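S.K.: Listed below, chain by chain, are the residues.
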Amino acid sequence: MYLSKEESEFKVLRQGDILKDVHILGAININGITYGSNLSGEQVSWYITNKPFVANAMVLSHSCEIDPQNTIKMTSIILAPLRDINSATSPEKINELIQSNFIDDTTEFSYLKYFYVYPHGYMSFSDGAVVDFSKCFSVRNNSYETLLNKKILQLKPEVIDKMSLKLAFYFRRS
Amino acid sequence: MNVALRQQEFSSDSDPKIIKLYDYNYVGEMLRNYDIINLIIGNQSFEKYLKEFMEGLIFSNWLDKYSGYLDKQDNPFDSIYLADLKPDKLSKANKKMLITNSLKIEDRSSQILFNDGLDD
Chain C
18 MYLSKEESEF KVLRQGDILK DVHILGAINI NGITYGSNLS GEQVSWYITN
68 KPFVANAMVL SHSCEIDPQN TIKMTSIILA PLRDINSATS PEKINELIQS
118 NFIDDTTEFS YLKYFYVYPH GYMSFSDGAV VDFSKCFSVR NNSYETLLNK
168 KILQLKPEVI DKMSLKLAFY FRRS
Chain X
227 MNVALRQQEF SSDSDPKIIK LYDYNYVGEM LRNYDIINLI IGNQSFEKYL
277 KEFMEGLIFS NWLDKYSGYL DKQDNPFDSI YLADLKPDKL SKANKKMLIT
327 NSLKIEDRSS QILFNDGLDD
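From first to last, the protein sequence lines are chains C and X.
According to this note's numbering, numbering within the first sequence proceeds without interruption in unit steps and concludes at 191.
According to this note's numbering, numbering within the second sequence proceeds without interruption in unit steps and concludes at 346.
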């Protein structure tokens, strides 16, 4: 599933890259935001009193869109959190999720919201994790170097293809 | 651990390394008949220093505004240049599968939740 350390590109971000220690900004409770105003009543700041949720995350943006060689301005980087498969409330469903992870012509059912990634020594998930597409979020392009420094794993090209196809299937729902 | 600030007393009389400057009362008496503020701003050296300080402050702020902080310059919602756009490559097989099969696949995502604080 993963490229070896020697094969991985640690000077660029690619779709499917796994990052460590990312502040997960998705799934924010919008009602829990406190806004600060100036004397004119204009909202000038905001903060959330909850503890920051820091976890592994996967890059969902297209590799070409976030490539530094891209002549068009890279505007943002889309990320989604990884979630420990062992924290699932229905462990009996996990095998089914893993078996239906890759979609092809014969697929009749799948867990489209989640893409399973195998355990690796660089991550703390002993039995693997899932990327949760429903909790994706974006950060500005000037976060690129910060995220690059957090890159720990790169998916093989054929796995990236499977992941991005599943992502498209997830959003294709009516 | 109990920590408190401690003041150590020195005396210029007892320690020859300490050089005694003017007593406060002496300075006050010396300047008693002068407008201290006028004395300061009328000093050419001080005026030069103040001018350079303010120019530095203004230049520093200008640099911060126009080149230092990308956050202020970067706007993720600004325009894109259509002439530079290139079409994304699409896999024909994936496209066909996405169009024809997507609604035929049963989605069982709702059958699993994760107890890590991200789900309500």
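Please keep in mind that the hints were generated in silico from the structure rather than gathered at the bench.
Bear in mind that the values here come from a model prediction, so they are computed numbers and not experimental data.
Certain hints may be false.
Keeping only pairs whose Cα atoms sit at most 20 angstroms apart, straight-line, the calculated EDC-like set for lysine to aspartate or glutamate is [claimed, not checked]:
id	chain 1	residue 1	chain 2	residue 2
1	X	Lys321	C	Asp101
2	C	Lys37	C	Asp121
3	C	Lys110	X	Asp314
4	X	Lys318	C	Asp144
5	X	Lys330	C	Glu113
6	C	Lys179	C	Glu162
7	X	Lys330	C	Asp84
8	C	Lys168	C	Asp38
9	X	Lys321	C	Glu162
10	C	Lys68	C	Glu82
11	C	Lys152	X	Asp333
12	C	Lys152	X	Asp345
13	X	Lys318	C	Asp122
14	C	Lys168	C	Glu113
15	X	Lys322	C	Glu175
16	X	Lys315	C	Asp84
17	C	Lys167	C	Glu59
18	X	Lys315	C	Glu23
19	C	Lys152	C	Asp101
20	C	Lys37	X	Glu332
21	C	Lys37	C	Glu113
22	C	Lys173	C	Asp84
23	X	Lys315	C	Asp38
24	X	Lys330	C	Glu125
25	C	Lys179	X	Glu332
26	C	Lys110	C	Asp144
27	C	Lys37	C	Glu23
28	C	Lys179	X	Asp342
29	C	Lys28	C	Asp122
30	X	Lys322	C	Asp121
31	C	Lys167	C	Asp84
32	X	Lys321	X	Glu332
33	X	Lys315	C	Glu162
34	C	Lys173	C	Asp121
35	C	Lys173	C	Glu82
36	C	Lys110	X	Glu332
37	C	Lys179	X	Glu278
38	C	Lys68	X	Asp345
39	X	Lys322	C	Asp38
S.K.: None of the hints should be skipped; say for each whether it holds.
M.R.: Results for each hint:
no., hint, verdict
1, Lys321(X) x Asp101(C), "violated, 31 angstroms"
2, Lys37(C) x Asp121(C), "violated, 30 angstroms"
3, Lys110(C) x Asp314(X), "violated, 36 angstroms"
4, Lys318(X) x Asp144(C), "violated, 34 angstroms"
5, Lys330(X) x Glu113(C), "holds, 18 angstroms"
6, Lys179(C) x Glu162(C), "violated, 27 angstroms"
7, Lys330(X) x Asp84(C), "violated, 34 angstroms"
8, Lys168(C) x Asp38(C), "holds, 10 angstroms"
9, Lys321(X) x Glu162(C), "violated, 33 angstroms"
10, Lys68(C) x Glu82(C), "violated, 32 angstroms"
11, Lys152(C) x Asp333(X), "holds, 17 angstroms"
12, Lys152(C) x Asp345(X), "holds, 10 angstroms"
13, Lys318(X) x Asp122(C), "holds, 13 angstroms"
14, Lys168(C) x Glu113(C), "violated, 29 angstroms"
15, Lys322(X) x Glu175(C), "holds, 18 angstroms"
16, Lys315(X) x Asp84(C), "holds, 15 angstroms"
17, Lys167(C) x Glu59(C), "violated, 36 angstroms"
18, Lys315(X) x Glu23(C), "violated, 27 angstroms"
19, Lys152(C) x Asp101(C), "holds, 14 angstroms"
20, Lys37(C) x Glu332(X), "violated, 32 angstroms"
21, Lys37(C) x Glu113(C), "violated, 27 angstroms"
22, Lys173(C) x Asp84(C), "holds, 17 angstroms"
23, Lys315(X) x Asp38(C), "violated, 32 angstroms"
24, Lys330(X) x Glu125(C), "holds, 7 angstroms"
25, Lys179(C) x Glu332(X), "holds, 17 angstroms"
26, Lys110(C) x Asp144(C), "holds, 14 angstroms"
27, Lys37(C) x Glu23(C), "holds, 19 angstroms"
28, Lys179(C) x Asp342(X), "violated, 26 angstroms"
29, Lys28(C) x Asp122(C), "violated, 36 angstroms"
30, Lys322(X) x Asp121(C), "holds, 11 angstroms"
31, Lys167(C) x Asp84(C), "holds, 17 angstroms"
32, Lys321(X) x Glu332(X), "holds, 19 angstroms"
33, Lys315(X) x Glu162(C), "violated, 26 angstroms"
34, Lys173(C) x Asp121(C), "holds, 18 angstroms"
35, Lys173(C) x Glu82(C), "holds, 18 angstroms"
36, Lys110(C) x Glu332(X), "holds, 15 angstroms"
37, Lys179(C) x Glu278(X), "violated, 61 angstroms"
38, Lys68(C) x Asp345(X), "holds, 15 angstroms"
39, Lys322(X) x Asp38(C), "violated, 37 angstroms"
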